[in-house]
Amino acid sequence: MALQQIDQFAAKLRPDTRAAVYDGSKKGHEKRTAVLFDHYPDPDHLRRLAGNIKQHVVENLDTLLPAAAAALERNGVKVHWASTAEEANAAVLAIMQARGAKKMVKAKTMVSEETHLADYLGKNGVECVETDLGEFIIQIDGDHPSHIVKPIIHKNRREIATSFEKHGLGAYNDDPQTITRRARAHLRRKYLEADVGLTGANFVTADTGRLVLVTNEGNSRFCLAATKCHIAMVGIEKLLPRETDLGLYLNLLARSGTGQQLTVYTEFISGPRSPAQPDGPEEMHVIFVDNGRTEALASECREILRCIRCGACLNVCPVYRQASGHAYRSVYPGPVGAVLSPLLAGERFPELADLPKASSLCGACNEVCPVNIPIPDLLLRLRARGKEAGAKNAAAGTPPMGAWSLLATQPFAWRTSLTAGHTLNYVPKSLIPVPPMQTWLRDRTLPAWRGGAFRKWMKDRAKK
Amino acid sequence: MSSARDTLLARVKAALAPLPERAPLPDWERELVVMREARGAVDAWTLFSARLAGVNGTPLTSVAELIALLTKSDWRRGYCDPALWAELRPAFDAAGGFTVETTFDRARVDDYQFGITAAVGAIAETGTVVLSDAATSSRLAALAPWTHIAVLRRAQIHLDLPAAIAALPKDPNVVWCTGPSKTADVEGILIEGVHGPGIQVALLLG
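Those protein sequences? They're chains A and B, same order as listed. Read in order, the letters of the first sequence correspond to residues 108 to 571 in our numbering. Read in order, the letters of the second sequence correspond to residues 138 to 343 in our numbering.
The set of hints was computed from the structure by calculation and includes no laboratory data. Hints may contain errors.
[Stated by the list, open to error] From the derived model, a few chain B residues whose C-beta atoms are all more than 12 angstroms from chain A:
no.	residue
1	A154
2	V179
3	T208
4	E224
5	F229
6	A231
7	A232
8	A292
9	Q293
10	D297
11	G325
[Claimed, not checked] List of simulated lysine-lysine pairs, DSS-like, C-alpha gap at most 25 angstroms:
no.	chain 1	residue 1	chain 2	residue 2
12	A	K138	A	K185
13	B	K307	A	K335
14	A	K185	B	K307
15	A	K138	A	K119
16	A	K230	A	K297
17	A	K209	A	K335
18	A	K273	A	K210
19	A	K133	A	K119
20	A	K185	B	K209
Note that the structure is predicted; figures quoted are calculated from it, not measured. In this text, a Cβ means the ideal position worked out from N, Cα and C, and glycines have one as well.
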C-alpha cells in the first residue's frame, strides 16, 4: 500500500533532525502545561473564553474590520487592503518606491511567508533582511521555517556555524552565544542602514486601533527604533474587539507558545512616533491581507481563523514530532497547518488534500489550543472535502473499500460472508495474504471472528 | 485604494451572509487572569522585584547600587535622559570615571555601554517595565546599549497585567520589557542580549 506523502517524508528524515524536532517540541509542551496550571486554577476555562471571543471576531469581521481601519486612521496610520498575496507584495513595494527606499529590515511575520515577500522584494531590487535570529539563519541558508514559533527547530548548532562561516560571519564556531553575538553585530548595522521596518501583528484592537507585537529578541523593537517608515502586514483575522481583551490573550499566548509568563517585548503600536521622539518611523502603514482567508471564512472550517499562531498544537502533536514541519509542504505545519494550509491554497486544495489525513485524531491539539479550535472536527470535514474532490493524494494509505461496499449493499452476500468468516478462526492470521492486514497485525492482534453473533442476538430477542 | 477595500470587504460580507446568527461577544472578569501571587495584599515593589529577578532582570533601589553594578563590570560610557541627569549626576560625579552623554548619537550605537531612560510604569506580577514615546527620551538609547536602566517610581507600579492594559497611555509606542532580550532559537539554549540589552535594570527612585 502506498504511504501518504507525510509518511514518506518522515521515513527519510535524518535521525538527528527527528531528535531535534522531537525534543524541542516535547520540551515546549511540558513548559506550557507546567506554567499554565501553576499560575491559574482553571486554564481550560480561559481557553474556552478566548475561543468564544475569537469566534465572535471571526463571525463579525464585516463590522470589526471597518471599525479597526477607522481607529487606525484616526491614529494617523495609512490603511491598505490586499485580497491576494500579489496585491500585498505590490502594496509593500509601492510604499518603498514612493519613498525611494531600497533597504528593509523585517521582523517575523507568518503572513509575509505566505506571500513570499522577501523573494519578491529581492527580485525588485529591494534588500530585505530577516532580523529574528532563526529567520535570519533560514534566510542565509535559503531554507524554510519548520515551526511557527521556533523556525529553526530542525537545525543544530553545527549546521548554523557552517553557514555563518560560509556567509562571512566569522570562522567556524558552534557556541550558541558566539553565534548570537555575531548576529547581533551584523544585524544592528542592517537596522541602522534600513529605510523601512516591516512587521506583522499578533493582535489589532478594533476599538482603539493598536497593533500588538510580541518578540523575545527585541528585533521588531529595533526595526521601529531605527527606521523611518513602518509597514505592518496583517491577516484580516487578527482583530480583537476590545483593548481589554488583550489581558486574556497576552497571558495565553506567551504561556501556550513558549511557556513564558509574558514575552520579553510586548509592543503596542498605534501610529508614527511622537513629535518629540528622536527615533522611529515618521509614517506607518497597515496592509490588511486576505490571501484565502475569506474562503476559509465561507467554509465549514471557519473556526481555524481563531488561531493566534502560538505553536502549541505543533509541540503536542505526535505526527509533527515524528515528521517535522517541512513534511507539511506549506507555510503552516502541524495540526493547524493541516487545516489552514489546504484552506488557504484555494484552487490548489487537491495538492494539499492529504494533510488532513496526517493525524490520528487523538485530539491533543484541541486540548492545548488557547482558543479551543476543534481541530480534529475540522480535519474530518476536510477529509470529506478531499474525498469529494477526488484528490488522489488524499486516498494514499487508504485500503480499497470496493469489495466491502459490494458485500455491504447485498444482504444475501453479507450474511453468507459473515458465516463464512468463521473459517478464519482456523487459519493462522499471519498467513492471510492481504498486505494492509499484515501491516496492521505487526503491532496488534485480531480478536476471534464472531460474524453473525449480533444478528442472532437480535433474532432471539425479537422472538421473546 | 478604496476599490481594494470594497473588494475585500465585499468578500467578507459574502462569506458571512449565509450564517443564521453570529457568535455573541462574552464579557469576562479581569480577576480571571490575575495570577495567584498577585491576589490579595502584596507589596507591589516586593512582588515586582521578585518577578524581575525571575526573568534574569536586575531590580535596584538606589543610585549607589547602580554605580556599584556599573563599576564592577567597568561600564563607564553611557547615555542618560537629560530630564533624569540632574537627579543622578551628583552620585556619578562623586564616584568619578564615568562619561555620560545626554544625546544619543545613532552613528555610534556601540559606544554606549549603558542607557538610562524613564519608565512610565511597571507590572508587578510579571516583572515588566513599561516604556512609552512620551517618557522615553530615545528609543535607541533604551535598546541598543548592553545595559538598559529604566527609572521607576513606586506609584507607577501596577499589580497585575489587566490593570496595566486598562492604564495603557495614549501614546503611539508603548513597550513592555520583561527582562533582558533573549532567544532560544539555537537548540533551545537560552542566550540573553540578542538585539536589545543583555542586562535589564529597574531602578526604583522615590
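For B/T208, is the shortest beta carbon distance to chain A beyond 12 angstroms? holds (24 angstroms)
Holds or violated: A/K185 and B/K307, Cα atoms, limit 25 angstroms. OK: A/K185 and B/K307 at ~19 angstroms, within 25 angstroms.
Nearest-CB test (12 angstroms) between chain A and B/D297: About 8 angstroms separates B/D297 from the closest Cβ of chain A, which leaves it inside 12 angstroms; violated.
When you check the alpha-carbon spacing of A/K138 and A/K185, does it fall within 25 angstroms? violated (40 angstroms)
Non-interface claim for B/A292: all C-beta distances to chain A beyond 12 angstroms? B/A292 is indeed farther than 12 angstroms from all Cβ atoms of chain A, at 21 angstroms.
For B/A232, is the shortest beta carbon distance to chain A beyond 12 angstroms? holds (28 angstroms)
CA of A/K133 to CA of A/K119, is that 25 angstroms or under? The given pair, whose Cα atoms are some 21 angstroms apart, holds under the 25 angstroms limit.
Please settle this one: B/A154 was flagged as non-interface, so is its CB more than 12 angstroms from every CB on chain A? violated (9 angstroms)
Given the hinted pair A/K230 and A/K297, is their Cα-Cα distance within 25 angstroms? holds (19 angstroms)
Least C-beta distance from B/A231 to chain A larger than 12 angstroms: Answer for B/A231: holds, closest chain A Cβ roughly 30 angstroms.
Holds or violated: are the alpha carbons of B/K307 and A/K335 at most 25 angstroms from each other? holds (21 angstroms)
Evaluate the condition: distance from the CB of B/V179 to the nearest CB of chain A exceeds 12 angstroms. The claim stands: B/V179 keeps its Cβ more than 12 angstroms from every Cβ of chain A (closest is about 15 angstroms).
Hint compliance for this structure: hints 1, 10, 11, 12, 15 and 20 are broken, all remaining hints hold.
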